[in-house]
Amino acid sequence: MAEKRRTLAQLAEMVDGELLGDPTVTVGGVAELDAAAPDDIVFITKPAMVELLTASRAAAVIVPPGVEAPGKPAIRVRDPYLAVAVIHQWFVAEPFVAAGVHPAAHVGEGCLVPSQVCIEPLAVLGNRVQLGERVVIHSGVVVGDDVMIGDDTVLHANVSVRSGCRIGRRVIIHDGAVVGSDGFGYATDSQGNHFKRPQVGIVQIDDDVEIGANACIDRATFGTTWVKRGAKIDNLVQIGHNVVVGESTILVGQVGIAGSTKLGRNVVMGGQAGTAGHIELGDGVMVAGKSGVHNSQAAGAVVAGIPAIPHRQWLRVSAALAKLPELAKAVRALEKKFEKLAGSI
Amino acid sequence: MAEKRRTLAQLAEMVDGELLGDPTVTVGGVAELDAAAPDDIVFITKPAMVELLTASRAAAVIVPPGVEAPGKPAIRVRDPYLAVAVIHQWFVAEPFVAAGVHPAAHVGEGCLVPSQVCIEPLAVLGNRVQLGERVVIHSGVVVGDDVMIGDDTVLHANVSVRSGCRIGRRVIIHDGAVVGSDGFGYATDSQGNHFKRPQVGIVQIDDDVEIGANACIDRATFGTTWVKRGAKIDNLVQIGHNVVVGESTILVGQVGIAGSTKLGRNVVMGGQAGTAGHIELGDGVMVAGKSGVHNSQAAGAVVAGIPAIPHRQWLRVSAALAKLPELAKAVRALEKKFEKLAGSI
Amino acid sequence: MAEKRRTLAQLAEMVDGELLGDPTVTVGGVAELDAAAPDDIVFITKPAMVELLTASRAAAVIVPPGVEAPGKPAIRVRDPYLAVAVIHQWFVAEPFVAAGVHPAAHVGEGCLVPSQVCIEPLAVLGNRVQLGERVVIHSGVVVGDDVMIGDDTVLHANVSVRSGCRIGRRVIIHDGAVVGSDGFGYATDSQGNHFKRPQVGIVQIDDDVEIGANACIDRATFGTTWVKRGAKIDNLVQIGHNVVVGESTILVGQVGIAGSTKLGRNVVMGGQAGTAGHIELGDGVMVAGKSGVHNSQAAGAVVAGIPAIPHRQWLRVSAALAKLPELAKAVRALEKKFEKLAGSI
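Chains as they are written, first to last, in our numbering: chain L, 1 to 345; chain F, 1 to 345; chain X, 1 to 345.
Excised from the complex, chain L in its bound form:
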């Protein structure tokens, strides 16, 4: 691919940053401080990193407010982390190459496949699948009947999307993820035998969602399991049937959301956390990793523990818990001293 280059002035404009130093310096990529080539731009997120700058070969640096970068041209921004994401994304973005449908892919009947797509060998589309422009479907992907996939969406290798599901634009689904498998629902008779409840709903994934490798999102029993715009779901996350994941919500690796639970906007759940079913987490709720949320949480709540309690309380409980054996000992000692005193009066 052709190399991309931008002047520091152009990059500063891209992220609405303050230019410090020579605007004509050209940059060819983004790197970390200690691995930068002479035409890379690097970034520091806190003042303490400034001293590492001198050893870096980088052409320029992105710095946070109040920080000087002696000897290097710089762009100063409110949030270097955000600026570097935008600039780096620009550098790595490649023009779409419409390889078309590889002859060793399998496309069912009645599909709508624009010419501007890339369907790799040994990918499988069922019948009546509708693809948007510039969709990329990697090898080993299996797309069921009647699935709709929006513009610029990428399905990585061995992803499975079951029939009837709808996937928005600019969605990225990583390898092995499953969208639309049956929800886990049974009715049990008096002898303990389980009867499968048909799972006739779908999964809807809105625009700009990213789904991690081997994550699973079950279809609804009735209706829709819904992952809203901009939600980011990490590897091996489990989303039960009829769950709603709110806009820009973040679910870190191995999180599990039980059936019919609704997560608001910008919820964050740490790794291996889980929720019970049929509860609601309001906008901006934060759940610490490994926690288990049993009850609905109001918007803005920050919780931890099993069952989850307010995080501040959890910190105090955890600290006290580690000293519990000593507390028990103190109580026993006090009981003895009390008995002795009471006996002596």
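Note that these hints are calculated values from the structure, not bench results. All C-beta atoms in this analysis are idealised placements derived from N, C-alpha and C, irrespective of residue type, glycine included. It is possible that some hints are incorrect.
As the list claims (entries may be wrong) - Okay, the calculated beta carbon distance ranges per label pair: (1) X:A99 <-> L:L112: 35 to 45 angstroms; (2) X:L52 <-> F:G192: 26 to 36 angstroms; (3) L:Q116 <-> F:D145: 51 to 61 angstroms; (4) F:A299 <-> L:A93: 57 to 67 angstroms; (5) F:G300 <-> X:H311: 24 to 34 angstroms; (6) L:E51 <-> X:D16: 54 to 64 angstroms; (7) F:Q191 <-> X:H311: 39 to 49 angstroms; (8) X:R57 <-> F:G300: 49 to 59 angstroms; (9) X:A35 <-> F:D145: 18 to 28 angstroms; (10) L:A299 <-> F:Q191: 50 to 60 angstroms; (11) F:A299 <-> X:T54: 31 to 41 angstroms; (12) X:S190 <-> L:D145: 34 to 44 angstroms; (13) X:L315 <-> F:G300: 50 to 60 angstroms; (14) X:G100 <-> F:A299: 22 to 32 angstroms.
For chain L, the structure is supplied; the task is to place chains F and X on it using the hints.
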């Protein structure tokens, strides 16, 4: 597909229910209260839902004992949840279409493949695989050598079944699940190097089992990892080598069962729960979500926590734990008051 | 395949063991005590198992130090578990059969594929993939561009290895595992919208690593996510971007390692345990199953709990915790008695 229809009388007979109202009303499907079309049957599971009935367009309703359904023909049953599962399953069941073996599937040597099967494009059967009648193997499935699969079993996309495993009848395995990968067993020398213990056993899945997306069931070191009849295993569950999962046992999403553990019949483990290896959970044991079971549990035990303790005790412990900082403070206050009192006598 | 046979003398030499009894007895395989055929060798790991020996039909037995095996020829070794792993591995190892590249596999441009390989039907290699000698790639595997795979490595069905990753020699990757999916990294603007941070690093898997079914190892943001020699990773484990897994480290099923965390050599983490990101676990650290490690741990630490504390302390805390309601009751009783006493003086 042709539309199915049944009169209310026929449906009542199907679930051994009491008919209330016009037996000739015909029904074309099952829906939820608020989404029902005029020829659907709906269901209510508790009396409080009755008031929602009037707004529903449904043709008829399934109700629990003691509940009236004013203005709607109804079927009254002991367990509406169970009745609706049976009726809904009847409506969604489709006649098997024997598409045969797609030319873009790969079938090894010496396989036994009846004409009444459906092997989709880019599915792979190894050598000497034996399939029952009406087996459905979706795209991307890889079945190893010498595997046996019973009648009416469905393997969804990208499932992997390793060599020698045996799968019963009416089994459903969802996308990406792995059956028969090597158990996790090593011997370690004095320098800390691990030597792989060969895993030469198999996995046996009995009739009517359902296995969730991306779940993993390891083959035995020697002998058999065994999932018994009617067990239901959710997405991303991990079953170690030589585990036995009893009949009709339910393992919710992301549960992990360590090697050689035996689960009895009708055990229920909540999401993200786990067990140690080499223990036994008796029939009907219930384990709360996120719990860690370290020791064997007698039949009927209900446990929670890490390590798991009786659930009733766990509820009391959890309540006390949330107040632990206050308890510690109370003890310190008492100590001071005691010292003061003792000093004043 | 031809049957393998070895005399007891040959097997004793293979594991540097002490021969007890007839050295000319021949052995054709390894089995467990109760399932042994007459030409199998069995093993006992503790003296109490000796009494089971008489009922076994086995030809010979491997015993630990200080144990006699009345009536059976035996090999006595320091660690029977290790000896049986070595002997069993020898019996099950099969000569490599170079089936070559199946015509229904797809190989991209510029690949380096030796004649001594086995690429199964419907496996996919991207462009410029380099394979070592005797590599086995099962059906449904998708290998991205520019991947390097070392001698004698096996990728089981439906594994995905993304572009640029490097896999060593004698590596085993089980079905559905994903190597090199994007790390989970975003920058968030003031409105709560997430911007993807490009993940331009790779994953490097060193020699003799084994990776379980449906495990996920993310590529680095910059640089390398690194799994070092001899590490053993179980099913459904999640390894975040830029993690380092030390030599011979063991991660049991469903463990999660958050981004940039470094695990030393011979670390052991029990099932469903997890660590925070950006911490270090020194050599030989042991983490109990289901624990959550929030802070770095010195070499040799043995920890448990959420947050993880020293295991010995955790045992005392757990014991005290189960009695916490009684402790609270005792404190309340003591308070009352104290008030009464204080009031009476």
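Hints, one by one, checked against the model:
| no. | hint | verdict |
| --- | --- | --- |
| 1 | X:A99 <-> L:L112: 35 to 45 angstroms | holds (39 angstroms) |
| 2 | X:L52 <-> F:G192: 26 to 36 angstroms | holds (31 angstroms) |
| 3 | L:Q116 <-> F:D145: 51 to 61 angstroms | violated (42 angstroms) |
| 4 | F:A299 <-> L:A93: 57 to 67 angstroms | holds (60 angstroms) |
| 5 | F:G300 <-> X:H311: 24 to 34 angstroms | holds (31 angstroms) |
| 6 | L:E51 <-> X:D16: 54 to 64 angstroms | holds (55 angstroms) |
| 7 | F:Q191 <-> X:H311: 39 to 49 angstroms | violated (24 angstroms) |
| 8 | X:R57 <-> F:G300: 49 to 59 angstroms | violated (39 angstroms) |
| 9 | X:A35 <-> F:D145: 18 to 28 angstroms | holds (22 angstroms) |
| 10 | L:A299 <-> F:Q191: 50 to 60 angstroms | holds (55 angstroms) |
| 11 | F:A299 <-> X:T54: 31 to 41 angstroms | holds (33 angstroms) |
| 12 | X:S190 <-> L:D145: 34 to 44 angstroms | holds (42 angstroms) |
| 13 | X:L315 <-> F:G300: 50 to 60 angstroms | violated (28 angstroms) |
| 14 | X:G100 <-> F:A299: 22 to 32 angstroms | violated (55 angstroms) |
The structure shown violates the earlier hints numbered 3, 7, 8, 13 and 14.
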